[in-house]
Amino acid sequence: MRHIISILIENEAGALSRVSGLFSARAFNIESLTVAPTEDASLSRMTIVSTGSDDVIEQITKQLNKLIDVVKVVDLSEAAHIERELMLVKVRAAGKDREEMKRIADIFRGRIIDVTDSTYVIELTGNGSKLDAFLEAIDRALILETVRTGVSGIGRGDRILKV
Amino acid sequence: MQLTGAEIVIRCLQEEKVEYVFGYPGGSVLYIYDELFKQDKFKHVLVRHEQAAVHAADAYSRSSNKIGVCMVTSGPGVTNAVTGIATAYMDSVPMVIISGQVPTAYIGQDAFQECDTVGITRPCVKHNFLVKDVKDLALTLKKAFYIAKTGRPGPVLVDIPKDITNQKCDFEYPKTLSMRSYNPVVKGHGGQIKKAVQMLLEAKRPMIYAGGGVILSDAGDRLTKLAHTLGYPVTNTLMGLGGYPATDRQSLGMLGMHGTYEANMAMQNCDVLIAVGARFDDRVIGNPTHFGSVARKIIHIDIDPSSISKRVKVDVPIVGNLPDVLDELQKLLDASAGVPDPKALAAWWKQIDEWRAKKSLKYKQGKEIIMPQYVVEKLYEVTGGDAFVTSDVGQHQMWAAQYYKFDKPRRWINSGGLGTMGVGLPYAMGVRFANPKATVACITGEASIQMNIQELSTAKQFRLPIKIINLNNRYLGMVRQWQQMFHGNRYSESYVDALPDFVKLAESYGHVGMKIERPADVEPALREAFTKHKNDLVFMDFLTDQTANVYPMVAAGKGLSEMILAEEL
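Going down the list, the protein sequences come from chains A and B. Counting in the numbering used here, the first sequence runs from 22 upward without gaps. Counting in the numbering used here, the second sequence runs from 6 upward without gaps.
The set of hints was computed from the structure by calculation and includes no laboratory data. Even glycine gets a Cβ: it sits at the ideal position worked out from N, Cα and C. Among the clues, some could well be false.
Partial selection, computed: residues in chain A whose CB lies under 7 Å from chain B [to be verified]:
| id | residue |
| --- | --- |
| 1 | A46 |
| 2 | R47 |
| 3 | I51 |
| 4 | V91 |
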């Protein structure tokens, strides 16, 4: 099953490699990993999307907790949560495609943030499947470049991950 | 008062009451070695290869529960140390490794003797640090010692760039330490302990399975008391030997790939299993599916939550420090009105005694060729079972574990997890430094001993009267055994040729050498070594049976009850 694991970790050199090294050493799977400092600059927050059986996910959270620099670990997917991913897509937008591309971007609540005579850069946020759906909806031949941030997640309501 | 980084390192080691530092100098640690030269609060043991420094510090720790410390230079100093660090990590041994690093400004420039120490060692340490500011040095070393010995112990490495050791700052050794990201659990969960007591009392075919955690946490006495209160059988893992007295009636000996018949059968057929500081290793339970094919309830006590339900699902997990949890268990048990079902227990012991009657460790000692098992048995007799025994890795390691009956913890020192050949001699050195009056024997083979043979020189310099028991069968014995059993007798590269004359070799280092070729000479030779040559290092080269195999054996992928016994062949 797919899980979204959030980690608060001391913001020190090598923190990312401790986590990524753990995943590769123990043959755990990573679908995406995002990391950035929090409002408290001494802490970084990571979001890892992984798939595995309940046993594997249990080992992943235990092993993450075992890392000396890790302050807290939460499996967001255990309860109500929100996940978002940001995607930037550069598409060919010339001639009859130009209007069509704008229309589809609007439908997906995307924003066009860069324009040339022949291209658009579209910014899109949402969960992974929405971004996938957008790419499905447009003509594949018109996609010039895509970049996705990977998933960020946060618990709903009173679920708070903080020191 | 302003001190240089090098002075701070020395002062921190003194504050931690370090007695010995095992190490080897080099360019990046010159300032530290200069300060080391000027002090006399702790001693430095100069080894002949960095790997041996780490092994010696590791055994110093294993045999005493003090923290072993070693010091190496950057680059090759560190890479040579890696095998030692990984060995200690796999067996959860508390250690601090101080490594030199190229000056801060050179890091990343492919400087002379530079390597990414923190990167290379990351997967085989409990934690590591790169010190980037001399002001962080004292706190970092304090953290290193604290992390190494608390929770599930392990090696911690502190990498110190050369310029840091020559910069000055105010020094004060922190008295206390708190880390928001590291708070090891101590007490076990009360409700879980209660459940465990209930389960133990309801058992019909109970089994206590005790591992290296018992040794590491000094919980042997508590475990013994608990086992005696319950009257239940106890088996020890390779790492747990000595955690429960081997000569006690309730001891079934070692379990696992080369465990006794009774231990493995009882482990497989019990209905309630309590795992104490053990981790259901692949060499212990064999095939996990086969192990899981019998219904049983499992209680698992461990300080490391990630060891619980990793390979085998358990019913009652208890995370905590063993001595604390065992105290709590004992208290509840003593206060409980219930007692184990005497009828069921008697029937279970009757069954176990039938398994025991198989005498799965028997072997035949003829008049011509020395059997390796016989040498270990005689060593046990001659030393009164009271020696510290180190071993290397292979057949001799298993025979040592099977035939030397360890009654006390911290007497059996070997590389269980990583299985590192070459540890035996440096381990014996570390043991002797931690226990200056102890009898120390190193059971090894002609292949393993050559992996750190240079330490005969260190042993001479520090006058360490180690007795080396070389079980010389002219083969990589364990490899040969597997090739015989599973690879159609094709002995691919498992011969050991062009051996040195070990007697002359030992003598050339200034030690005593002995060659023993006949069974009748085994005991007299051992007596001579341990009495007449009490104060010498004696290298005893026993020419042993070339085809002897270790039995019983659970082949890889097989279940615990599917043992191959010596008699079946």
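We went through each hint and held it up to the structure:
Contact between A46 of chain A and chain B, as hinted, is supported at the beta carbon level, the nearest pair being about 5 Å apart and thus within 7 Å. With a least beta-carbon distance of about 10 Å to chain B, the hint placing R47 of chain A at the interface is violated under the 7 Å criterion. For I51 of chain A, the interface hint is violated, the least distance from its beta-carbon to any beta-carbon of chain B being 16 Å, above 7 Å. Taking 7 Å as the C-beta cut-off, the interface hint given for V91 of chain A holds, the closest approach to chain B being about 6 Å.
In this structure, the hints that do not hold are numbers 2, 3, in rising order.
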